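K.L.:
These protein sequence lines map, in sequence, to chains Y and C. Plus 49 on top of the position in the first sequence (first one is 1) and you've got the numbering used here. Plus 127 on top of the position in the second sequence (first one is 1) and you've got the numbering used here.
Please keep in mind that the hints were generated in silico from the structure rather than gathered at the bench. Predicted, not measured: the structure shown is a model, and the values here were computed from it. Be aware that one or more of the hints could be misleading.
Unchecked claim - Some chain C residues close to chain Y (C-beta under 10 angstroms, calculated; not the full set): (1) W289; (2) V305; (3) G315; (4) S326; (5) V456; (6) G463; (7) A464.
To be verified - Only some residues are given here: those of chain Y computed to face chain C with a beta carbon under 10 angstroms: (8) N140; (9) A207; (10) S213; (11) L214; (12) S217; (13) E231; (14) H321; (15) I366; (16) A369.
Said to hold, decoys possible - Simulated restraints, written as ranges between beta carbons of each label pair: (17) C:H450 - Y:D226: 17 to 25 angstroms; (18) C:G342 - Y:Q228: 29 to 37 angstroms; (19) C:V172 - Y:D278: 42 to 50 angstroms; (20) C:R327 - Y:V355: 29 to 37 angstroms.
Beta carbons are placed, not taken as given, at the ideal position from N, Cα and C, and that holds for glycine.
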Amino acid sequence: MAHRGTLPAAKLGATLLLCVAALAVVAVLSLRVGSIGISNADAFDALFHYNPASYEQTVVRTLRLPRTIIGLGVGAALAMAGAAMQATTRNPLAGPDLLGVNSGAAFGIVTAVYYGHLTHPLQFVWFAFAGGLAAAAATYAFGSAGPGGATPVKLALAGVVVSSLLSSWLTALLLLDQQTLEVVRFWLAGSLAGRDVTTFTSVLPFLLVGLIGMLAMANQLDILSMGEDTARSLGMHTGRVRAVVTALVVLLAGAAVAAAGPIGFLGLAVPHIVRLFTGPDYRWTLAYCLVVGPLLLLSADILGRVVARPGEVQVGIVTAVLGAPVLIALARQRRVAEL
Amino acid sequence: MMARSTSPSPETTPPSVRFVQLGGVAFRVNTRVLSMIGVALVVLVALGAWALTLGSFRLSLQAVIDALTGAHAGDARFIVRDLRLPRVLTASFVGAALAMSGAIFQGLVRNPLVSPDIIGVNAGASFAAVFWIVTGQPSPLLPLIAFAGAVTTTAAIYLLSWRGNIAGPRLILVGIGVNAILTALTTGLVVRANIYEASRALHWTTGSVYAATWGDVRVMVVVLAVLAPVGVGLMWALRVIQVGDTTARSVGLPLERTRLVLILVGCALSAAAVAVAGPIGFVALMVPHIARMIAGPMSGGVFIVTGVLGALLVLGADMVGQHALPVSVPVGVVTGAVGAPYFLFLLYRANTRV
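Here chain Y stands alone, though its shape is the one from the complex (with noise of 0.2 angstroms):
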């Protein structure tokens, strides 16, 4: 395949590498920024010398820490979960909340916080999870039902209906008990402030397994991106993969909705952003999404810190207020097309 308005082998490492050193320095940037300015060595004390008396050490151990490690954990596994998403339906629209697993953690939550009278967001996470998990499980039923199997065109349909299905009985919810929309409103807007880090660790082994599965499927997304009659022409059980696949996506995207909320758009953008650099290889693409996801996202969040201070904005507002217009040059500059 012609590799056209990309950049050779050693040159996309080289970028990649790049890639890395610039979140090494947001994140650094992360635990230093914020209504409270932290100084280099204390962000360096509080990770290797925790001094508890230190006012500043104890800020970044408890606050600017945990939003740094649930950031990068978040920004990769929404940025890969969406690019197999891409790759395995071949539609640009494509994004790890397809399959209805946003939709499903939030209305794990609101029923939670309905029916059970849940205040704190420390409660949700298993709700998010496994509202998560069930609704990607139903998309799934549903979309393979019947003959001809799981298409992708009949998984995306059923991920839609699914999502509006719950979506119409969470808003209903949300109408009825105006106590409900007050817990939950901010946890709708997806954040990475004010989430424990014990929310993220819990589901961290999720995480890892879908990030790890991910890469070790690059070379399959790969070849079924080039669609359903090539990839079974080169002898691959398509139904199989796509099935691994889902399954990834489904936790990467469960793990990352159940630490910070649903984050909106970081994943279908990631990957076209991404595409630009790489082109259509998916070894690469998933490489550069490790990096750039979180790279996006901690950077988002940054500025959600400084812009509105001493109040915040949600990093899932900055996300798609930055990504898109970037979305929006690119789809303008080059042919878009591809996938």
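We have chain Y; now place chain C onto it with these hints.
P.N.:
Relative to chain Y, chain C alone:
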């Protein structure tokens, strides 16, 4: 296949297709689709009549007919003519407009996942309306603001997608980009608003027809009377566009002008419906699929089927939301709940192409 073909080969046309000669022009008429339109319209009228009898003040069908013809003066006449009829008509017309808009956008960009809710048209309306609500501006202007939001957004999407031509994938990407920005800004407004305004904003963005007036009906009648025939007339062009740009040009279709007209029609249909009822979800995305699954590939006739099915869905959903549940909920909540199971059933059976 082109609807304009003058010498169709009998082997390739389905048995239900007839050719009707009217003066010098031959029309291709699919009797199966035609009868489907008839059945759907009858069901719609019956459902509407039933809706007029329902409510806290129950009326017999005879009383409804009397009230409509003006045989009776008094309460029944007021309830039917001024309260229930506008709501029933608004629900039907809004549903038809949304579904037709969805059919146009899906055909235009050749992507089954596209609808005005996804490429930002409705998000523009929602952002404008929510901004209007949370800043405490006068509510009578709300529909106008929502309409302006939708139209401005469509214009922005069109201009941002224009690079000598309008390519489907570019339009989609630009559209979801614009949609993401506007949705995020709307969320930002809701998070910052006080809980009362946040709740009102949520109400509006869910979509409802409970306060429908004759003014709303009039707006929708005008919009549909002008745009639905244009849509029917453009369906053959839409089918040619779906075959591919090269083919469309080679048969002499003025491609970009046709696309612009289709976008304008689709946008205006959606914007009017959203201005009147709020962005009722699910209809624009799903009804065209349902219509295609039961009536075959998109054509002028199937476009009308799409409209009638959209009307049925929104009217039925509004009746369920108003009467069948312990508390009455806005129609936007129910369209998904009513339409989704049926759609999943069709998907299960799908041996037709979606």
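K.L.:
Evaluate each hint against the coordinates.
P.N.:
Now the hints, each set against the structure:
1. W289: holds (9 angstroms)
2. V305: holds (7 angstroms)
3. G315: holds (5 angstroms)
4. S326: Status holds, d = 5 angstroms.
5. V456: holds (5 angstroms)
6. G463: Hint holds; G463 of chain C Cβ to chain Y Cβ min 3 angstroms, cut 10 angstroms.
7. A464: Nearest chain Y Cβ about 5 angstroms off; hint holds.
8. N140: With Cβ-Cβ at 7 angstroms, under 10 angstroms, it holds.
9. A207: Where the cut-off is 10 angstroms and the nearest Cβ of chain C is about 6 angstroms from A207 of chain Y, the hint holds.
10. S213: Since chain C brings a Cβ to about 4 angstroms from S213 of chain Y, closer than 10 angstroms, the hint holds.
11. L214: Check passed: Cβ of L214 of chain Y comes within 4 angstroms of chain C, closer than 10 angstroms.
12. S217: Holds. Min distance 3 angstroms.
13. E231: Status holds, d = 5 angstroms.
14. H321: Nearest chain C Cβ about 7 angstroms off; hint holds.
15. I366: holds (4 angstroms)
16. A369: holds (3 angstroms)
17. C:H450 - Y:D226: 17 to 25 angstroms: holds (22 angstroms)
18. C:G342 - Y:Q228: 29 to 37 angstroms: For G342 of chain C and Q228 of chain Y the Cβ distance comes to about 35 angstroms; the hint holds.
19. C:V172 - Y:D278: 42 to 50 angstroms: holds (47 angstroms)
20. C:R327 - Y:V355: 29 to 37 angstroms: holds (31 angstroms)
When held up to the earlier numbered hints, the structure conflicts with none and fits them all.
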